[in-house]
Amino acid sequence: MSEVTEHLSERGIAIRLEKLSKTFPGQDEPAVKELSMDIFEGEIVVYVGPSGCGKTTTMKMINRIIEPSSGRIFIADEDVTDKDPDELRRHIGYVIQQIGLFPHMTIADNIATVPKMLGWDKQRISKRTDELLETVSIPNSYRNRYPKELSGGQRQRIGVARAMAADPPIMLMDEPFGAVDPITRERLQDEFLRLQQEIQKTIVFVTHDIDEAIKMGDRIAILRDQSEIAQYDTPETILTDPADQYVEDFIGSGASLKRLSLSKVEDIKTAEWPVAHLDDSHDDVREKMEESGREYVLLLDERDKPKRWVNREDIEQGISLKEAGWPAVAIVERHSSLYDTLDTMITSYRGSAIVVDENDGKYKGVVDFETVLAAIEEMRPQEGAVAPDFIAEREDLPS
Amino acid sequence: MSVETREAPRQEETPESPQQQPGGKSGGRSAASLGWTLARYLTMPVFLTLVCLSLYLVISSRPLDSIEKRTLNGPYIIHTVVRHLEISAVATVLVVLISVTAGVILTRPMMRRTAPYIVGVASTGQALPSIGVIVLIAVLTGQFGFKIAVVSLIIYAFLPILRNTMVGIQQVDQSIIEAGRGMGMTNAAVLFRIELPLAIPIMLAGIRTALIIVVGTAALATFINAGGMGDIINTGIKLSRDSILLTGSILTAVLALGVDYIAGIAEDVLKPKGL
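Protein chains in written order, with my numbering: chain A, 101 to 499; chain B, 12 to 286.
Hints in this document: simulated from the structure, not taken from any laboratory.
Given the structure is predicted, the values throughout are model-derived calculations rather than measurements.
Incorrect hints may have been included.
List time: in silico EDC-like cross-link candidates among lysine to aspartate or glutamate, alpha-carbon distance up to 16 Å [unchecked claim]:
| no. | chain 1 | residue 1 | chain 2 | residue 2 |
| --- | --- | --- | --- | --- |
| 1 | A | 119 | A | 167 |
| 2 | B | 284 | A | 209 |
| 3 | A | 248 | B | 79 |
| 4 | A | 364 | A | 318 |
| 5 | A | 422 | A | 372 |
| 6 | A | 464 | A | 318 |
| 7 | A | 464 | A | 401 |
| 8 | B | 284 | A | 249 |
| 9 | A | 358 | A | 348 |
To be clear about the criterion: a stretch of chain A counts as covered by chain B if any three or more of its residues have a C-beta under 8 Å from a C-beta of chain B, and this derived list gives those stretches [as the list claims (entries may be wrong)]:
| no. | segment |
| --- | --- |
| 10 | 134-146 |
| 11 | 239-248 |
| 12 | 315-327 |
All C-beta atoms, glycine included, are put in the ideal place defined by N, C-alpha and C.
Build out the structure end to end from the sequences listed, making use of the hints.
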């Protein structure tokens, strides 16, 4: 799996659709009309659009679960429009909203479906199953359980593992997280994005939820009726520069705020902030505060985890640093989005958020409104067309 | 005949933790349920044995006249029981083969339109009175005996298996089939690895019903000279010997219940796990 870590610019075209059309029998209007599109290797492309716009039909034509009425499909430069469809599908992962696990087969047998058809030997299948269960964080003891013994989220993970079993370069996902509750959905999305960083598959992802599209997509295709492409671009561009009124309406209000969910807190510069340890002397802490010119000092414990905020008065009262000041609770991890960070900051007492390492919880920095605003300033397009939201936001802040 | 639908446990979504172990059964509960299962499995054989034993005691407590002696003796009864089971077994095996095949063919996409008509024709087979079917076929073909009995039983038991096979296949969740197709399963693989296994519980219910019909109706085979336990009952009626009539009827009932019991166990054993 090492050859896939190429530079983005060198990415080849994984899937090419050429004037793809589908007219269902007994209907006058085509469901998909002459769609042409290139999908790059290693990217998540999200088809998003209102119900009935033909996005699912389009996706299902790629593995020919729905046979196109006209047009050509190329996968890695090979014309697969007339290839044996069963053979074609064994090399394309497929995840659907209802998951469709085989209820009479164990988890291991479900995962082994495609490898068995490809004639892998037992040992190889078993090893691959172990790997996949670990990848999707399902305990290995679940191997011999049946799907009904699993929760919705777990079944969804097995569905993804099954689709990845034979390591197909391409995966098609039809609203894969649509049938789980919002909390599980968010967790599955995060897990999947982390996974995608490792596996670098080419993924076609269908959803009707623009927020999910923005979160998951490297590129988003916003479709209108008959799968006509309204805009096909990166989420950043779509949010800052929507092609037309239709796209703008589809994104809905708060595009600029949605834009914030695309940037991670680790990508912006953190503010300079004085820190001290709980076992430092009061004088040391005061000295640090005076050097920095800030009004508060952040205290860390012996493992560098943020614990408390103290100001000058707290220090001068002379009580133990372990009890002085306020507990430090507004904490975000490094890969949190700016959107979540801003949310944490607004609800926090200090109007700032502490960034920690996601693994060991160590202090990494502090973000305050100034640093976030500076970052927003940078991501704004040249003409500054989308700024008003942030300015409004700023006026509402406690100073 | 009731057609059970599989419970679809798909939608009870809960935010789960990876450590959570759903479906884990506690030891205490399984011990209790084992006791219940054992009781359920033992009741019927015990009951049937008791019935046979009391029948034997009642009959052997009285002196038998010469007519009764000719029918109520071990070798003769065993002969008729074996004959009865032969007819039933051959008919059941054939009807399962024929109607399951027909059920599979009728649920293929290209047959969807014609299927209702064929099911309609099959229904008339069961709508006719069973004795009518048996005698009618014998008269129409001019033949009597084992083969004709088997043919009539097949016609009579065709519908329950056909209908349950079709319903069993049709109730398979389309998304499961789509997932299979999407992974590159051939039509045959979808049929044999998904549709049929998932249809098995409902098919088995149909086969069990058919089996009972066959074993019960085989008693009428006596009227076309095919033998079986109908011979004993018929003798009892014709010669006005209540003891013979009683023995024949009770043994037929015991046989039917016994076969049903075995079919029930087969259902439990053959049902795919995980459903």
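Unmet hints by their number, sorted upward, for this structure: 3, 5, 6, 10 and 12
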